[in-house]
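Position chain B against the provided structure of chain A, taking the given hints into account.
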Amino acid sequence: MAETTATTPEVTVKEKEPLFGKAEKKLLLDPLGDTNPITIQVLGICSALAVTSLVYPSVVMAIAVVFVCGFSSLFTSLVRNKIPKQVRMIVQLVIIATLVTIVELTLKRFNYPIYKQLSVYIGLIITNCIVMGRLEAYAMANRPWRAFVDGLGNGVGYGVILIIVAVIREVFGKGTLFAGSPIQINIIGASNDEIGYLINTAAESGFGSLFAGYYNNNLMVLPAAAMFIIGVLIWIQRSYRPTLVDVS
Amino acid sequence: MELFNIFIKAAFIENLVLAYFLGMCSYLAVSKTVTTAFGLGLAVIFVLGITMPINWIISEWLLSENGIFGMDLTFLRFILFIAVIASMVQLVEMIVEKVSPALYTSLGIFLPLITVNCAILGGSLFMVSREYNFTESIAFGLGGGFGWFLAIIAIAAIREKIRYSNVPPALRGLGMAFILTGLMGIAFMSLMGIDPAALTAGK
Numbered sequence: 001m002a003e004t005t006a007t008t009p010e011v012t013v014k015e016k017e018p019l020f021g022k023a024e025k026k027l028l029l030d031p032l033g034d035t036n037p038i039t040i041q042v043l044g045i046c047s048a049l050a051v052t053s054l055v056y057p058s059v060v061m062a063i064a065v066v067f068v069c070g071f072s073s074l075f076t077s078l079v080r081n082k083i084p085k086q087v088r089m090i091v092q093l094v095i096i097a098t099l100v101t102i103v104e105l106t107l108k109r110f111n112y113p114i115y116k117q118l119s120v121y122i123g124l125i126i127t128n129c130i131v132m133g134r135l136e137a138y139a140m141a142n143r144p145w146r147a148f149v150d151g152l153g154n155g156v157g158y159g160v161i162l163i164i165v166a167v168i169r170e171v172f173g174k175g176t177l178f179a180g181s182p183i184q185i186n187i188i189g190a191s192n193d194e195i196g197y198l199i200n201t202a203a204e205s206g207f208g209s210l211f212a213g214y215y216n217n218n219l220m221v222l223p224a225a226a227m228f229i230i231g232v233l234i235w236i237q238r239s240y241r242p243t244l245v246d247v248s
Numbered sequence: 249m250e251l252f253n254i255f256i257k258a259a260f261i262e263n264l265v266l267a268y269f270l271g272m273c274s275y276l277a278v279s280k281t282v283t284t285a286f287g288l289g290l291a292v293i294f295v296l297g298i299t300m301p302i303n304w305i306i307s308e309w310l311l312s313e314n315g316i317f318g319m320d321l322t323f324l325r326f327i328l329f330i331a332v333i334a335s336m337v338q339l340v341e342m343i344v345e346k347v348s349p350a351l352y353t354s355l356g357i358f359l360p361l362i363t364v365n366c367a368i369l370g371g372s373l374f375m376v377s378r379e380y381n382f383t384e385s386i387a388f389g390l391g392g393g394f395g396w397f398l399a400i401i402a403i404a405a406i407r408e409k410i411r412y413s414n415v416p417p418a419l420r421g422l423g424m425a426f427i428l429t430g431l432m433g434i435a436f437m438s439l440m441g442i443d444p445a446a447l448t449a450g451k
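These protein sequence lines are chains A and B, in that order.
To convert, note that position 208 of the first sequence is 208 in the working numbering; the numbers rise steadily by one, no gaps.
To convert, note that position 199 of the second sequence is 447 in the working numbering; the numbers rise steadily by one, no gaps.
Only chain A is shown next, with the shape it has when bound in the complex (with noise of 0.2 Å):
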């Protein structure tokens, strides 16, 4: 009788990879600082120019964007094994195009002012590099919930900066916060007729005799303006990180 030796198959457990580890945290909080990918990785200027003039467009914007890098990351990372290469390109644009178009769809529906003056730049996310970016990058070659954070995460860094120059240049051009939303703040006034301002730079009332003379910066209405400061963030983000310096 031939001895037989029952051998078990070597069985490895995977460990299960916890839902939000350490290694999805990264994903999102890198985009904030070190990987921005406004202000390191240069991605996605062209819309962060022309709607921080007003800081709720910018709101409506970031939200836009979080919304189609986070979801066509997810969708391309689970087709990412089956697309031919000479189609890449074409699918990954047909699947941000639905999405934007989704996006203007919902805008136009619920939301028809913010629509309005957005116009162009919704169907300009399609050609955000952010996204085909992110895309290419990191969603063609992981696996579809780490692409996912992965885009939420840069559509967040990008939707800080936009945040970030969009208050500046409202509040130092215009005066206001939120301007044209239902939570309106007024910040600085220059006259007197304008009550609710916190802060009323005309000469005459009491506590503006202070700040008395300022009237509302219109550089900060400029585009221009926006890439000045995200210039200078540029620069203050590198002081910091000496290793980002160009050394050309």
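None of these hints come from the bench; they were simulated from the model.
Careful, some of the hints might be misleading.
Reference listing, derived: stretches of chain B covered by chain A, where coverage requires no fewer than 3 residues with Cβ under 8 Å from a Cβ of chain A [unchecked claim]:
| id | stretch |
| --- | --- |
| 1 | 254–264 |
| 2 | 294–305 |
| 3 | 364–371 |
| 4 | 415–423 |
Don't be surprised by glycine CBs; every beta carbon is placed ideally from N, CA and C.
Relative to chain A, chain B alone:
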């Protein structure tokens, strides 16, 4: 002369880069030397000049209510426009590879990246929102491309020279390019409000 006015307007007064800040990503990335900027600028003129009329045909004859399908299919605009642009850029890539392999290698990844250049899609979307007709869209495409070409050559030339200046270390390179572009944008604002039609009509 209406076409010439549109060309001049798109090239100088409403420059896609300096007035609307479209196409910034490749604008900042390729403008390190004038030779690469020159090549990319020519490619952009070509792509804009070709995709505009094609997108016009699609928008007017296929997607609008008066088109051959008879239904309002404008929600398909984004997908079709970007597909046309991607195909045209593929074509340009093949042509450049045949005609000038040196330029092809020096442009590298940025030639296919013209597809996601905001200026191309933005130009088409402007054309739709301003409701140009067929010949006007060609003029707008060529004018916009020419303006983009001028802008990227200008900033490349300035960046080549400013490498020898005493810029603070953290501001060198990218930060300086942003500030330079902002200044150029303000300079181009001086052209805002010029109406070529009124000027030529006055003569």
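How the hints compare with the structure:
For the stretch 254–264 of chain B, the stated coverage by chain A is not satisfied: 0 residues place a CB nearer than 8 Å to a CB of that chain, which falls below the threshold of 3. Closer than 8 Å: that is the beta-carbon criterion, and the stretch 294–305 of chain B has 0 residues meeting it against chain A, so the requirement of 3 is violated. Counting residues of the stretch 364–371 of chain B whose CB lies closer than 8 Å to any CB of chain A gives 6, which reaches the minimum of 3, so the coverage claim holds. Given a C-beta distance limit of less than 8 Å, the hint that chain A covers the stretch 415–423 of chain B holds, as 8 residues qualify and 3 suffice.
When held up to the earlier numbered hints, the structure conflicts with 1 and 2 and fits the remainder.
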